[in-house]
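As you go down the protein sequences, you meet chains D, A and H in turn. So the first sequence is numbered by this note's numbering: it starts at 1 and just counts up by one. So the second sequence is numbered by this note's numbering: it starts at 1 and just counts up by one. So the third sequence is numbered by this note's numbering: it starts at 1 and just counts up by one.
A couple of the hints might just be wrong.
What the hints assert, rightly or not - Derived lysine-lysine pairs resembling DSBU-like cross-links, with alpha carbons at most 35 Å apart:
hint, chain 1, residue 1, chain 2, residue 2
1, H, K365, A, K175
2, H, K250, A, K141
3, D, K49, H, K381
4, D, K78, H, K365
5, A, K88, H, K48
6, H, K365, A, K141
Simulated from the structure, these hints should not be mistaken for lab results.
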Amino acid sequence: MEHDSFIRRGLMHFEKLMLAAVLCIAVSGCARTSNDVATSLPIHWTADKRVVLVDPDVELSELTFGGVAMLRADWTSKGRDLIKADIASFLRGKGIASVSADRISDRREAQLVKLHNALGRSIEVNLKEAWPTKKNNFDWTLGPGAAILRDRHHADYGLFVFVRDSYSSDTRKALALLTMTPTGAMQSGFASLVDLRNGRVVWYNRLDNAYGGLRDEKSAAETVRHLLDGMPL
Amino acid sequence: MVRFLLVLPLVLALSGCATALVAPDRPAEIGNDVTVMPQRAWNRITNDPEAWTTQGPQIDLIRFFSGIRSGDALLAGVRGSRFDFDAKMLPNDIQDLVIATLQLEGNKAVRADNLAPCPFGGDKGFCFDLAFVSADDLEMKGLAIARKHDGRLDLFLFQAASEYYYGEMISDVRKLFASAQTQ
Amino acid sequence: MRRRIAAALCCAAWLSAGGVAQGQGTLPPGYSSDMSGEEAGIWMLTDKQEAATKTAPNLVRDEKLNAYVSGVICRLAGEYCPSIRVYILDTPNWNAFASPNGMVVVNTGLLLQMKNEAQFAFVLGHEITHYLHRHSLEELRKQVNTAGLVNIYALAMFGVGVAVGDDPSGAISLGQDLGRFWISAFSRDEERDADRSGFARVTSLGYAPNEASAIWTDMVAQNKADPRYSRIVFLDTHPSPEERVENNVKWAAEALPSRSDWVTNEDAYHAAMAPFLRRWVEEELALAHPDRSIVIFRRLAQNMPSQGLYHFGLGEAYRKRHQKPDEASAEKAYRAALACPDAPPEAWRGLGLLAMRAGESAKAKDAFTNYQAKLPNASDKAMIDFYLSQL
Numbered sequence: 001m002e003h004d005s006f007i008r009r010g011l012m013h014f015e016k017l018m019l020a021a022v023l024c025i026a027v028s029g030c031a032r033t034s035n036d037v038a039t040s041l042p043i044h045w046t047a048d049k050r051v052v053l054v055d056p057d058v059e060l061s062e063l064t065f066g067g068v069a070m071l072r073a074d075w076t077s078k079g080r081d082l083i084k085a086d087i088a089s090f091l092r093g094k095g096i097a098s099v100s101a102d103r104i105s106d107r108r109e110a111q112l113v114k115l116h117n118a119l120g121r122s123i124e125v126n127l128k129e130a131w132p133t134k135k136n137n138f139d140w141t142l143g144p145g146a147a148i149l150r151d152r153h154h155a156d157y158g159l160f161v162f163v164r165d166s167y168s169s170d171t172r173k174a175l176a177l178l179t180m181t182p183t184g185a186m187q188s189g190f191a192s193l194v195d196l197r198n199g200r201v202v203w204y205n206r207l208d209n210a211y212g213g214l215r216d217e218k219s220a221a222e223t224v225r226h227l228l229d230g231m232p233l
Numbered sequence: 001m002v003r004f005l006l007v008l009p010l011v012l013a014l015s016g017c018a019t020a021l022v023a024p025d026r027p028a029e030i031g032n033d034v035t036v037m038p039q040r041a042w043n044r045i046t047n048d049p050e051a052w053t054t055q056g057p058q059i060d061l062i063r064f065f066s067g068i069r070s071g072d073a074l075l076a077g078v079r080g081s082r083f084d085f086d087a088k089m090l091p092n093d094i095q096d097l098v099i100a101t102l103q104l105e106g107n108k109a110v111r112a113d114n115l116a117p118c119p120f121g122g123d124k125g126f127c128f129d130l131a132f133v134s135a136d137d138l139e140m141k142g143l144a145i146a147r148k149h150d151g152r153l154d155l156f157l158f159q160a161a162s163e164y165y166y167g168e169m170i171s172d173v174r175k176l177f178a179s180a181q182t183q
Numbered sequence: 001m002r003r004r005i006a007a008a009l010c011c012a013a014w015l016s017a018g019g020v021a022q023g024q025g026t027l028p029p030g031y032s033s034d035m036s037g038e039e040a041g042i043w044m045l046t047d048k049q050e051a052a053t054k055t056a057p058n059l060v061r062d063e064k065l066n067a068y069v070s071g072v073i074c075r076l077a078g079e080y081c082p083s084i085r086v087y088i089l090d091t092p093n094w095n096a097f098a099s100p101n102g103m104v105v106v107n108t109g110l111l112l113q114m115k116n117e118a119q120f121a122f123v124l125g126h127e128i129t130h131y132l133h134r135h136s137l138e139e140l141r142k143q144v145n146t147a148g149l150v151n152i153y154a155l156a157m158f159g160v161g162v163a164v165g166d167d168p169s170g171a172i173s174l175g176q177d178l179g180r181f182w183i184s185a186f187s188r189d190e191e192r193d194a195d196r197s198g199f200a201r202v203t204s205l206g207y208a209p210n211e212a213s214a215i216w217t218d219m220v221a222q223n224k225a226d227p228r229y230s231r232i233v234f235l236d237t238h239p240s241p242e243e244r245v246e247n248n249v250k251w252a253a254e255a256l257p258s259r260s261d262w263v264t265n266e267d268a269y270h271a272a273m274a275p276f277l278r279r280w281v282e283e284e285l286a287l288a289h290p291d292r293s294i295v296i297f298r299r300l301a302q303n304m305p306s307q308g309l310y311h312f313g314l315g316e317a318y319r320k321r322h323q324k325p326d327e328a329s330a331e332k333a334y335r336a337a338l339a340c341p342d343a344p345p346e347a348w349r350g351l352g353l354l355a356m357r358a359g360e361s362a363k364a365k366d367a368f369t370n371y372q373a374k375l376p377n378a379s380d381k382a383m384i385d386f387y388l389s390q391l
């Protein structure tokens with residue numbers, strides 16, 4: 001029996017990304033990001049340069065001995081805070097203000113976030129192999145309803161972030177060392193930038209990284225760097 | 001479990017397998033004996049049933065169920081008489097069938113409305129509106145058009161996210177449905 | 001077997017590391033988890049789910065209904081009332097659940113089928129007991145101490161859990177909304193504990209003890225009538241509905257003599273639900289499990305107000321079963337509906353559809369004409385006009 005759609009959706013995403021990451025490890029043991037940028041959309045600002053970080057969906061888990069992920073509330077809370085802080089300072093460095101929209105409480109906004117998640121899944125499929133109408137045509141939109149987010153948060157652009165990160169428990173690491181197998185700990189996620197005036201996805205970046213790093217400031221900064229790699233702001 | 005059979009075509013779609021272009025303004029063949037004229041370009045993501053999408057099946061989707069026989073369900077591998085078409089069915093019954101089928105796929109709060117006669121490929125068909133919430137909690141709207149033809153059911157089913165996509169696409173979809181011609 | 005299924009079903013399994021505290025007691029009032037500890041992870045996930053519930057498309061926002069439902073639950077929760085937040089979800093699946101962070105979800109499908117406030121209280125009393133006794137954590141700790149076992153997040157949520165048994169293919173529809181059923185991986189003892197303690201709690205508030213067994217008697221009847229019902233293996237953790245009938249009858253016999261002013265609050269319950277019944281009846285019918293709907297509506301039509309509505313529902317369920325022997329029962333039910341002051345005009349439409357399928361043109365014509373007279377601006381007017389043109 002399934003859990004609520006929210007958790008299930010998050011996991012489906014996680015599982016797929018994990019699979020991609022595992023394949024990646026098997027082949028070359030890599031950290032890789034892949035990028036797609038809308039080809040014809042310059043960045044422009046109507047008002048002050050401001051980005052809203054929309055409900056960052058971050059979960060940090062511990063990969064326990066049995067190989068399954070247990071959500072760690074303390075790590076998650078810290079990891080989420082670090083991501084938000086790093087993104088904010090990254091943007092500040094470019095002269096862009098940011099605001100965080102946590103805990104969407106409006107039904108319509110919630111629908112926009114869900115629509116974005118669905119778009120994200122389609123974008124990922126198309127990153128592997130584009131559908132005919134999307135070949136060389138990075139054209140994805142939330143529609144003009146995104147202006148609700150713009151008006152509410154006074155931001156021209158919205159940044160959506162999704163991260164699933166897992167860390168091996170000590171016992172698992174020990175086992176891995178003994179058997180020379182990968183611990184399986186990994187990091188996966190995506191970031192996307194949406195022009196809130198018209199809903200168009202301006203930039204999308206998928207992150208697959210087997211090295212993890214959101215429990216301390218240094219590695220969090222590196223994760224965010226990977227995540228925002230190529231963002232056209 | 002039956003559910004996963006139904007999810008399979010969507011999964012295939014998500015993996016981007018074997019997707020073909022449906023070009024606009026060119027007649028497209030549906031099943032054995034119907035053609036339609038699309039107003040815009042679509043991606044054909046599965047052949048059986050024929051299914052098209054522009055942004056992905058969780059966002060927008062048209063499915064063409066052709067020549068469904070008495071005793072068969074709309075979707076392959078589905079068991080249970082309440083999902084089966086019967087040639088004696090009235091439009092109200094077929095509406096119920098679609099509701100049950102959408103629920104089987106994981107949608108909730110499925111409602112149908114505005115059942116009315118609608119021309120379908122030269123036959124007297126019928127159509128109705130739909131509203132539901134997808135398994136991913138996306139609010140969706142839909143339009144179904146159907147006819148009984150030689151004792152079999154032809155049913156075209158369009159669904160799209162209420163947020164932006166249904167409104168943006170419905171006019172084209174109505175034209176598509178209206179363009180159906182029986183060969 | 002249970003664990004295999006649990007593992008297959010779960011979205012994130014959990015094997016807790018060592019250092020588990022022993023002796024888990026009852027929740028102190030005002031309890032909320034701190035960030036360290038194994039409970040925190042569950043709490044965080046359920047918080048996320050609560051945030052999603054708040055913006056769910058099918059959240060029922062009606063103030064009066066929420067006030068009534070919350071009021072009953074608050075009384076049940078006693079001193080824990082301030083820690084509890086109640087949400088009503090518009091979904092026909094018979095279910096209610098309580099999560100460790102104090103969120104309680106009630107499905108409208110449950111509200112439709114309860115006969116009175118007492119029955120509703122017994123169902124919720126069971127759920128709240130799980131919450132208060134922190135059964136999920138007990139279970140977690142038990143399993144943690146056994147190597148290699150996998151626990152599941154389903155433990156974090158406590159569902160009444162009979163709904164899955166309702167209808168195996170309906171089980172598919174169960175997994176779909178935030179009112180969905182959570183598999184309880186509790187032991188049978190914990191379920192019995194929740195039944196027993198819940199019963200005690202509810203009767204201590206004065207609710208009539210006999211109403212508890214009636215809930216499960218009704219469920220047994222539904223399951224019997226449903227050819228698709230089978231006791232799905234993960235339900236092994238719940239006592240069977242039959243056993244629950246037996247237990248509740250026994251406990252009621254013990255409790256009954258202790259006072260003479262037992263209440264069911266039937267009137268208050270009906271008054272609270274009345275504005276929504278029409279919609280909930282349609283949603284029950286849309287589940288497309290007429291075998292169960294027939295049992296439900298037959299029972300409701302016998303002993304509830306709004307009889308026109310329930311007879312109509314019964315007629316629809318018989319008609320939608322599409323079996324020749326049901327036609328007479330469907331017609332009888334529609335006509336019984338039409339004899340009531342609250343008869344929905346759609347009962348005429350039902351008669352018309354029945355007659356049309358049976359080839360009885362004059363009868364169909366009469367029924368559709370009556371339907372249109374009663375509801376001249378029906379949304380399916382064009383279709384009915386078409387039917388009439390064919391007769």
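Hints the structure fails to honour: 2, 3, 4 and 5
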